[in-house]
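Trainee: Work out the full structure: start from the sequences and follow the hints.
For reference, the chains in residue letters:
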Amino acid sequence: MDIYATLIAILESSIRLCIPLVFACLAGLWSEKSGVVDIGLEGKMLVAAFASAAAAGATNSAFIGLGAGIIAAVTFALIHGFAAISQRGNQIVSGVAINMLAAGLTALVGNAWYAQGGRTTPLEGNARFLPLTWPGAEVIDQIPLIGPIYAHLISGHSILAYCALAATVASAFVLRHTRFGLRIRAVGENPAAVDTAGVSVTRLRYTAVIIAGVLCGFAGSYLSLGQAAGFLTNMTAGKGFIALAALIFAKWRAWPAMWTCFLFGLLDAVAIRLQGVSVPGIGQIPVQAIQALPYLMTVILLAGFIGKAIPPKASGLPYVKER
Amino acid sequence: MSAPIELPKWADVSLVPILAVIVAFLIAGLVVLGIGESPVKATVLLIKGALGSGEGIGYTLYYATNFIFTGLAVAIAFHAGLFNIGGEGQATMGGLGAALVCLRLDFLPWYIVLPLAIMGAMAMGALWAFIPGYLQVKRGSHVVITTIMFNFLAATLVVYLLVNVIGKPGSMSPETRVFEASAHLPYLHEAFAFFGMTIPKSPLNLSFILALLASVFVWILVWHTRLGYAIRTVGHSPTAATYAGISIGRITMITMAMSGALAGLLAVNEILGVQGRLLLEFSSGYGFIGIAVALMGRAHPVGIILASILFGMLYQGGTELSFEMPRVTRDMIVAISGLVILFAGALDGLIRRPVAGVFARLLKKGA
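Quick mapping for you: the protein sequence lines, in order, are chains H and G.
Just so we're aligned, residue 1 is where the first sequence starts under the working numbering, counting upward by one.
Just so we're aligned, residue 1 is where the second sequence starts under the working numbering, counting upward by one.
The set of hints was computed from the structure by calculation and includes no laboratory data.
Errors might be hidden in some of the hints.
To be verified - Simulated pairs of lysine-lysine, DSSO-like, Cα-Cα distance not exceeding 30 Å:
#, chain 1, residue 1, chain 2, residue 2
1, G, Lys138, G, Lys168
2, G, Lys365, G, Lys9
3, G, Lys364, G, Lys9
4, H, Lys313, H, Lys251
5, G, Lys9, H, Lys321
6, H, Lys313, G, Lys138
7, G, Lys138, H, Lys251
8, G, Lys168, G, Lys48
9, G, Lys41, G, Lys201
10, H, Lys251, H, Lys321
11, H, Lys321, G, Lys364
Please read these numbers as outputs of a predicted model, since none were measured by experiment.
Mentor: Here's what the structure looks like:
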């Protein structure tokens, strides 16, 4: 039973660790499906995390914090959108700029406002998204095998975790089965065709970029209000890039995106668990090897050694309407 | 990058980047105002900190050295139409290359160790950029994504090596032992003292000269050699390059390797020049700011040197500024670089279009 309890504990923390990745990965999915490459996920998450923590701290409401996070991330998404769609600028350059701007501004303003080396004041109670306990979780926990699954994997997460699942369902459905989703996908593959059909390429891409901003807002909020109790300088620590890797790994599809994020969350959880532990027969596994796996797997996948990841055809290309 | 907007060449290479920087500074000024400090006072303190003393100038040029290397690295890739955002990782690996040489061979005299260490830095940096280039050419994975991933791979690899393999035994912090004196690249004040002259002490070392040499090298290579011509052709028009019989794949791999070697040289300044040991995160963001430098310098060595000195001033002045005004930390420089990248890069149409409009009107009047 002890091994089973450990397994449950690892899976539980995998879920916690994968939530921000899922949101950010779906954000990337929306943006890139519409043809706008987004390496600024990291920066958008970071501003959202900061804005959420600042607003939640000021109002003592996690939901107002979430709203502020979304507004901040959408603002940055619109800068990226403006550069990529209206100005037809280089989308990679714009993404790099977004990341640096976010890293610099959050640290600068955070330090100036709170004078704690970039931290915000610690949050508690209503200012945070605390784990929700589902009815009867404690009683059911006693049931062997199935009990802990209900108590720790289904119950016991913050509302945002369930939002991440809902966002996956919604993204998968909308992109796959609605006219709007079809148009988003079309605009990422062949914008000229969409234009010929009399649908505005610009408008579709802006919509997708804004959706990406909203999702990054959720991701950032989860970091500073759910996972941690406040903002820390550079608290995204590369999660935006892991999400990008997951997006490639999932070959730009919503459900695989969620599972890949879960896998990367699991790797993270295992790495934390294995810190300083000696595995019988193998010895001590270097934590760095596990941490490097998501990046390494993505490189290998991209290089076509295990299947092939092909991005939307028009991604990264600005659309110039013919005259 | 965006639709071509007609401008006289001098305006394109000087006016547009200068205006981009001015816009970036105005926005940064608003942020400073927003956190309740005077932007004018901050600017004065910044300039005084950067240029107000011999020591300040030394520090400014020391930081500029890093930016010249990473700026050149990004620029040379630009010329081949490649975007190398892996400068961080390549510099980190450069540090590893230099450190491996020094740890093994620093019992030898300086004239053997130093060249080998510099070559080690270049080789490892080149390798870390060559692989993404190779993967793009042979396996079709895009250089941008691969170099991002390689940044993280380099970081984790160096952590692993410092903790488990080459770290100083018994030390809590992940770093190697201090190298012998023979592996130390002389400070400029030491070099001047050798000739009997005194200049203020600062971390400025001979890497600065190396950076200037690298700039000349890039200038000759890109504009005055067959290879440079091939690189620019590939960057300008891959189809034309193919027709001319230039192998795009070969040029891509060679350019990436050179780009990585240049980024790797950052380690010469930081590891051989200043730290004297390998430690974590010595590349602290220089690789990314190199993108701002290359964009601002319009990918030309002269522009890059000027842009590097500006960013060196920001770094040094920003450090001094944060002592005087604790509310304005050096993070502001990161934000300013982001703004410069935005306005000199992705949004440069915003600046070029009005400038082109003004020129068009002037020309009409003149006619």
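Trainee: For every hint, state whether the structure bears it out.
Mentor: Hints, one by one, checked against the model:
no.	hint	verdict
1	Lys138(G) <-> Lys168(G)	violated (40 Å)
2	Lys365(G) <-> Lys9(G)	holds (20 Å)
3	Lys364(G) <-> Lys9(G)	holds (18 Å)
4	Lys313(H) <-> Lys251(H)	holds (13 Å)
5	Lys9(G) <-> Lys321(H)	holds (28 Å)
6	Lys313(H) <-> Lys138(G)	holds (19 Å)
7	Lys138(G) <-> Lys251(H)	holds (20 Å)
8	Lys168(G) <-> Lys48(G)	violated (39 Å)
9	Lys41(G) <-> Lys201(G)	holds (27 Å)
10	Lys251(H) <-> Lys321(H)	holds (28 Å)
11	Lys321(H) <-> Lys364(G)	holds (29 Å)
Against the hints set out earlier in the document, violations occur for numbers 1 and 8.
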